[in-house]
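Peer 1: Letter by letter, the chains look like this.
Number of protein chains: 4
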Amino acid sequence: MNSFGTNFRVEIFGESHGVKVGVVIDGCPSGIALCEEDFLTDLQRRRSGKLGTTPRIEADMPHIVSGVFEGRTCGTPITILFDNTNTKSGDYANLQDHPRPGHADYTGMVKYGGYNDPRGGGHFSGRITLGLVAAGVIAKKIIDPIEISATLTEVGGRTDIDECIKETMQKKDSVGGMVSCTCKNVPVGLGEPFFDSVESEIAHIIFSIPAIKSIEFGSGIAAAKMLGSEHNDRIIDASGKTETNYAGGINGGITNGNDIEFRIAVKPTASISQAQNTYNFASGQVEPLEIVGRHDACIAVRVPVVVECATAIVLADLMLRAQ
Amino acid sequence: MNSFGTNFRVEIFGESHGVKVGVVIDGCPSGIALCEEDFLTDLQRRRSGKLGTTPRIEADMPHIVSGVFEGRTCGTPITILFDNTNTKSGDYANLQDHPRPGHADYTGMVKYGGYNDPRGGGHFSGRITLGLVAAGVIAKKIIDPIEISATLTEVGGRTDIDECIKETMQKKDSVGGMVSCTCKNVPVGLGEPFFDSVESEIAHIIFSIPAIKSIEFGSGIAAAKMLGSEHNDRIIDASGKTETNYAGGINGGITNGNDIEFRIAVKPTASISQAQNTYNFASGQVEPLEIVGRHDACIAVRVPVVVECATAIVLADLMLRAQ
Amino acid sequence: MNSFGTNFRVEIFGESHGVKVGVVIDGCPSGIALCEEDFLTDLQRRRSGKLGTTPRIEADMPHIVSGVFEGRTCGTPITILFDNTNTKSGDYANLQDHPRPGHADYTGMVKYGGYNDPRGGGHFSGRITLGLVAAGVIAKKIIDPIEISATLTEVGGRTDIDECIKETMQKKDSVGGMVSCTCKNVPVGLGEPFFDSVESEIAHIIFSIPAIKSIEFGSGIAAAKMLGSEHNDRIIDASGKTETNYAGGINGGITNGNDIEFRIAVKPTASISQAQNTYNFASGQVEPLEIVGRHDACIAVRVPVVVECATAIVLADLMLRAQ
Amino acid sequence: MNSFGTNFRVEIFGESHGVKVGVVIDGCPSGIALCEEDFLTDLQRRRSGKLGTTPRIEADMPHIVSGVFEGRTCGTPITILFDNTNTKSGDYANLQDHPRPGHADYTGMVKYGGYNDPRGGGHFSGRITLGLVAAGVIAKKIIDPIEISATLTEVGGRTDIDECIKETMQKKDSVGGMVSCTCKNVPVGLGEPFFDSVESEIAHIIFSIPAIKSIEFGSGIAAAKMLGSEHNDRIIDASGKTETNYAGGINGGITNGNDIEFRIAVKPTASISQAQNTYNFASGQVEPLEIVGRHDACIAVRVPVVVECATAIVLADLMLRAQ
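Protein chains in written order, with this note's numbering: chain A, 52 to 374; chain B, 52 to 374; chain C, 52 to 374; chain D, 52 to 374.
Here chain A stands alone, though its shape is the one from the complex (with noise of 0.2 angstroms):
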């Protein structure tokens, strides 16, 4: 439900405008050098405040509650927490009767039967994924050489990435973005067969991550176009490296000794400043829905670091259950 791997397993909790969020860490081998500095610099590239993000701003000061013992991992589950402290649950009044379009609202509302906390989007809120990239600091320790490095590509399908945010801002809307992921350094032979295969586990992590529409490894949609000529990869050395990288470091599956890459497609936040028409199920009608209150016009700024956070997860998870 919400965790997610096998050796190295991850629970995530809170609600973004309840008391705290946070994050249990079960299964990190002990020994490991871990404070809580560690965690600021990846915190700090979620966190809002760059152009396109939300105004809010939290303090995101992660507390070690458990698994750490004299500065180093003790092989217990960690504990980490985050306070909320910047709430403002009175602009978030009657979404349980007026859904937000985009939102999960409805859905949220349908599946626990109207007792979900709708302050803020709730669990729903892109504040969840705090515990994320504090799970995902930990994993980058454990998979240490492998580096992942995820940056934004393109928004609004233009790569002058700032001009086309201040557009989107003043005309209080919102705009989409592409994220490209790659990890460097992987070994060859992680991931298991058939169902946990390495573009099965970083897939399903990802669509964890809210605002996520696509998903595609190497060639990806491309392939689609191509002959078999074209997109089988060559090997050329005794090392397993590629003349090409179309299959994204993964054969069967498995790694293959290449960067594992992979793109991601983010929509639009869905919160936007202007009315928008959608039905109001106290009235019976469609009528126009005004959102106040304080959004990001383009979430995909925060989202390369969540994405290089959950892909640690998975690779630290995977490469702890290799034998």
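These aren't lab readings, by the way, just hints derived from the structure by calculation.
There's no promise every hint is true.
You can't tell identical chains apart in this list, so a pair holds if it fits in one copy or across any two.
[As the list claims (entries may be wrong)] When the alpha-carbon atoms are kept at most 30 angstroms apart in a straight line, the in silico DSBU-like pairs for lysine-lysine are as follows:
1) K222 x K71
2) K292 x K217
3) K276 x K235
4) K71 x K192
5) K292 x K71
6) K276 x K222
7) K192 x K222
8) K192 x K292
9) K71 x K235
As the structure is a prediction and not an experimental result, all values here were calculated from the model.
For chain A, the structure is supplied; the task is to place chains B, C and D on it using the hints.
Peer 2: For chains B, C and D alone, kept in the frame of chain A given last:
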């Protein structure tokens, strides 16, 4: 590893040229009418014999050996076996030294320390999807009245699909394709928050099917170019129906009652009849490799039924998990 | 590892002298009334302060930090935290060199390569059962009207329990005890065949409680001396009620509607105030070890409520798994 | 449900009088020598034919149909099948109306809504342990040099075991027994904290074996009468060896390098040749039931090898989970 699902659990086994391939389905409710004939339509759809598919014809007869009593599921694990009868192992000698490009020969060899079964791709063969189809046939009964339909929409970027495949075969090459899938009559509220979103679960199982390179839900990759004001699906009535379906029937990882829609890219079959230059680990040289044997010119032709069945497995599991 | 359950999943974390201990409960249905006061009765029962238990008194106040909104569970993970306030770490120096007999000091040190938190037993401490009790309080609400009752029936083989404990304390020793548990109003049909039999699930969670040495269901150990003609419980009415209950309410791993009955043996507390001769890894000698600090003379006194709560977790999970 | 294990996973299937019973073993390392003959010794030990066991003799020939290539495990799921050849289904008519006392006829019928396979106990039959033994034979190879030995120590409270069984057979009755198990050469550090303690894992799998009523580790039930000063096992050398072994080789759920020791009680076989008065759901009366067919007078005779194999599965899984 080779199992999928929480409450409806599928375990796949077998190698392409081993004694049998098959599947165990655990958690199927009791009392569902089931006999061997029920599998034949979907198995036939998956089977070779159509244009662009391999001349290797297996009997593909399913044998139910547990879990069914007097024509109904009895609540205990259902095991379905398929014999491998038409195997020509001689075709696949020396793959360990000179692994085929685009295949799992090299990754399988490294992962399993040289002990993998290389014949016909072993456990990495598409033949293993027989068990997935068998499990999906049962899942379709559980999720009724949900209807899942997948179709091949493009081959090599073209819609004159048969023509494209014929030309490809004349070139002794292979070609990729696109498959679209739609699920109708889906109840609101399936899916689990965060890690077990509907997209996560579907993507997980879809990427276990060999040759899949991408998956997009609803707007998919196009979302990256869109504005929020376009992309947000306005709800228009009390059933939750939306004007557009960029969400692909899913908000916050939970079904919203609109059709689930996704598309996948299938790579060109890795086996082609042309010689390919690739590394020979025995000689230490890049050398031409000729792959004798029987190949599908367009494996995408056989993918739609497998996608339907895989999706049915996910939805059956999510329905049985829903309280 | 530190999680239990399939559809009602409990993740435990914390070290005795760390910052916090706690629990995440995933899969709890939405809409259940829940507030912090609900936990106090069972926490008080578990708490120290009675005869034979440690003078260490923690506030043991539960803090719900996620998963509850306006006094009801919202369907998302429920996190409950407990502060560790009354820790005297100085008491536990040099356990790494001179591990206490009957404790996990040595096994924890080897398993975690010397990085375990040795203070107060760390993650092996009985204090970790706070989270189990908290989860059990919620589980009891789910399984209503099932009633679970566990009681201490013997201490040191005697039924004058208080007297036996007093004598033990005067000897600066500790003593074991027996706990019996009965579950009433159990529906027929809980449990899963083979590996997830009711006995398997209950035994699994019961043996995660520190200090448990045995478990017997129904006739238990006496069954080994009995004849089938005596042991078979004859059904006497259409409700499935049986004349005797040697089965302990379970046949073939499935509940039969009669009371679930089991008994467990609890070992004497490992910490005693007497000096004990045991190996010192630093000196390479068997040497006397004195354990200063605060000890329960009879930990069995605190076990019944933990057993009830653990059993409730199992039954809640099995109920949510039943179709 | 019918699977056990995390990294070494066993899935059991089949009904007593169905087509086949068997097992899929997922996660077995590659490169282990394995052929069908390897199973015969333990299968023979489990097999009927000795004093006190049923005259039903199955060929019990194992058929490996996946996961083994050229005499070695290939890292993919290993499937082992057994044919059911000697089935007399006529013996088991009308069990749905007049369920046998001490059997799962009634619970199975209710759980599965009347769709269970009642013939010979269906999936609840001891015959299903064939798969457990097969998986255990493989597990024993993985855990080498750990040696597991289980023996029948008492029948009906007596040690003149053959004599006791003969007398029981003459009375057309059945009788229970005690089985002891010891594991030697166990490394320090196996087991996971809290929920996956070694005792939890062993007890879980042992209670999936039909007819088990209790399990005790080390001191077991006697611990309830002991003092801490007696019960604490003093470490006497640098290997962690202890003077006594009341812990049964386990502290804090983790192996301590001393022998793992546990004992179990096996109930008398539920099927006896005497008529028994029990409720007939068709007539609404308590009426005599005669069970024709073939029965073990003392099923405990066949249990030791199953206990060994089940324990080997646990230890193999824990070894593969240990980092």
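Peer 1: Give a verdict on every hint.
Peer 2: Evaluation of the provided hints:
no.	hint	in the structure
1	K222 x K71	neither (34 angstroms within a copy, 47 angstroms between copies)
2	K292 x K217	neither (42 angstroms within a copy, 33 angstroms between copies)
3	K276 x K235	both (27 angstroms within a copy, 28 angstroms between copies)
4	K71 x K192	both (25 angstroms within a copy, 24 angstroms between copies)
5	K292 x K71	neither (46 angstroms within a copy, 34 angstroms between copies)
6	K276 x K222	between (37 angstroms within a copy, 15 angstroms between copies)
7	K192 x K222	neither (42 angstroms within a copy, 49 angstroms between copies)
8	K192 x K292	within (25 angstroms within a copy, 36 angstroms between copies)
9	K71 x K235	neither (35 angstroms within a copy, 37 angstroms between copies)
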